[in-house]
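> Spelled out from the first residue to the last, the chains are:
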Amino acid sequence: MAAFWSVKRSDTTSHVGSGALALAVVGLAVVPQVWNASVVQQLTTLLILVMLAAMWNALSGYAGLVSVGQQSFIGFGAYTTIFLTQQGVAPYLAVALAPLAAAGLAICLAPLVLRLRGGQFAVGTWVVAEAIALMVMLDHGLGGGTGVSLRGLNVLPSHIRRAYTYWLALAFVVLLLGLLFLLLRSRSGAALQAIRDDEHAAASVGVRTAPLKLAIYVLAGFGCGAAGALTLANTLFIQPRSIFGVHWSAFMIFMVLVGGLGTFEGPIVGAVVFFAIQNWFSDGGPWYLIGLGAVAVAFALFLPRGLWSVVSQGRQIQLLPVGYHLSRRPTP
Amino acid sequence: MTWANAIIQGVLLGGLYALFACGLSLMFGVMRIINLAHGDLAVLGAFVVWLIATQGHVSPFIATVACLPLMILIGYGLQRTLLSRSLRSGELTPLLTTFGLAIVVQNALLQVFSADVRGLGGLSGLLAVDGWRLGDQLAVPYLGVTILAVAVAVLGGLQLVLQRTAFGREMRATAQDPEAAALVGIPASQVYARATAIAVATAAIAGAFLAIHSTFDPSSGPTQLIFAFEAVVIGGLGSLWGTLAGGVTLGVAQTIGAVIDPQYSILAGHLVFLIVLAGPRGWLVFSRRPRAWQPSGR
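As given, the protein sequences belong to chains A and B, one line each in that order. In terms of the numbering used here, the first sequence opens at residue 1 and continues consecutively. In terms of the numbering used here, the second sequence opens at residue 1001 and continues consecutively.
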């Protein structure tokens, strides 16, 4: 009796997964009405982490670009917000516009940094981040090296402000994951996953890798810019040394490696894990960071597809149907 | 006169950057990986030298020589354990593991030695402070000349080893094609381990001279990694003498930037790096598939 195979986009698990994801978004949206302002602020941090992890994963998990310099866009997004509010733009509008400026920066930087491969790209983007940080520090209008506050938001009562920031963060997470989902579902998505598996092989069967890498780089710039602008809206004060700090890259790498490099769901898992670790252990000082580094190394060497691969165990569990898979069906 | 002085100081500073860049260039040339922990390993070397010099009451220069066997062992062990495994699992894994290692080393140093800023200049005697006076505003410090001489000696020695010895031939062969080298009996893992050992040892020398020349603390590593990388790229990948030229260019850019305004010093170095990257040379270097290493100094 011959077995019949069919290629399917989605199945029961992905229907359940997508439904659960939609419910989770609705659930997250009502959080500010239920919980107090400090929980809302914490959850805003978590949403920012999800954004960062998803963007870093898009870069290195799909386009094969390991960046140690995404803090360029985090800082640029935050400082663009400051700059726009100084020009009289309403703060929340500025937060929403800043990611576009970060995407513009990515378009400008792309011809320069996308020449670089592998480790050269990693350190090259880092140098760019340092150069931008130094230029910001030279600008006294932006507060120089001492930092600057976001004015105009503290006129709002704090629980209202935090709720607005939270909703904006949630909207950006949905937008970014949605864009990534659409990109992965499209024809380019198959190409991106081919690049992820083997760039040379993908190129040899006719995948044009350069425009796809550019698209991902600009999307990641946009997303990290949003994360930076929202970090500013969440904390109201930034210093160039910390918003342009390389620790952001360390956090992104940790989240993605732990969650699952090159999977759609992994970065979300990684962000939640990192958020929990950050809340429990961040008082540990150097030991906390030693632990983070060692765990990241261990995951890179021994579990390169991260925790999500443990959860899915080779079965086709998908929260969102981004790929295709084979399923066996009985003979008709 | 200030300009002449800036250029002299920049050339001498370039010697230090070339020393930092040497190991990075070697590892990239032989294994095609950028070791993101390079700067932190150099700072680890500086701390070892500092321990030997202060606990053993010896000159930092003797302590530097004394720390080399330990650093060679560390480099050898690093390749044998962490790097060899990560090299097997694809192009991106070595980057991720060395970045993780950098965080571990940096914070372990912070835990053990605290965030205090240290220096070895005070222990180094007249060599660290004195110099030849060539007029009112022009002085050539002994230390700078020493560092430049050591950089030339290290780079030249490495060049000689690569060109003239059997070991150097094995290294070049493995850099060009590890599988073909293995077919004629050169195990890549051996060669890689030796190259890493040499790279970590030169990083330690650079770290020691950083400590004598200025100050260091556990968080100094990333900046040194960036400078080393800039020197390698400005000088052109895959050439050791190019690395020296790159280090000198970077040093001169920084000191000239500092003459205009001390705040511009490091930024000027970054800008020169970005200009090189944007220029036709950068395009030539990076648009091709990585070439086999050319240690003949082209």
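Just so you know, these hints were derived from the structure itself, not from any lab. Only a predicted model underlies this, so the values are computations on that prediction, with no experimental measurement involved. Beta carbons are placed, not taken as given, at the ideal position from N, Cα and C, and that holds for glycine. Do not rely on the hints blindly, as some may be mistaken.
[To be verified] If you want the footprint, here are the derived chain B segments under chain A, 3+ residues with CB under 8 angstroms:
#1 1056-1065
#2 1178-1189
#3 1220-1226
#4 1268-1278
[Stated by the list, open to error] Partial chain B-side listing against chain A, Cβ under 10 angstroms, derived:
#5 F1028
#6 L1051
#7 I1052
#8 R1080
#9 L1082
#10 S1089
#11 T1215
#12 E1230
#13 Y1264
> Confirm or reject each hint.
These are the hints, each one checked on the structure:
Closer than 8 angstroms: that is the beta-carbon criterion, and the segment 1056-1065 of chain B has 0 residues meeting it against chain A, so the requirement of 3 is violated. Proximity of the segment 1178-1189 of chain B to chain A, defined as three or more residues with a beta carbon under 8 angstroms from a beta carbon of that chain, is not established by the 0 residues found. Chain A is given as covering the segment 1220-1226 of chain B, and this holds because 3 residues of the stretch bring a CB closer than 8 angstroms to a CB of that chain, at least three being needed. Residues of the segment 1268-1278 of chain B with a Cβ under 8 angstroms from some Cβ of chain A number 6, which satisfies the need for three, so the listed coverage holds.
At its closest, the beta carbon of B:F1028 sits 7 angstroms from a beta carbon of chain A; the interface hint therefore holds under the 10 angstroms criterion. Violation of the interface hint for B:L1051 is found here, the shortest Cβ-Cβ separation to chain A being roughly 18 angstroms, above the 10 angstroms cut-off. Look at B:I1052: its Cβ only gets to about 23 angstroms from chain A, farther than 10 angstroms, so that hint breaks. Restraint check, B:R1080 versus chain A: the minimum CB separation of about 14 angstroms is more than 10 angstroms; hint violated.
Here the hint on B:L1082 is kept, as its CB sits about 7 angstroms from the closest CB of chain A, short of 10 angstroms. With its C-beta approaching chain A no nearer than about 6 angstroms, B:S1089 sits inside the 10 angstroms limit, and its interface hint holds. Interface restraint check for B:T1215: the shortest CB-CB distance to chain A comes to about 18 angstroms, outside 10 angstroms, so the restraint is violated. For B:E1230, the suggested interface contact is upheld, since its CB lies about 7 angstroms from the closest CB of chain A, less than 10 angstroms.
A least Cβ separation of about 8 angstroms between B:Y1264 and chain A falls short of the 10 angstroms threshold, and the interface hint therefore holds.
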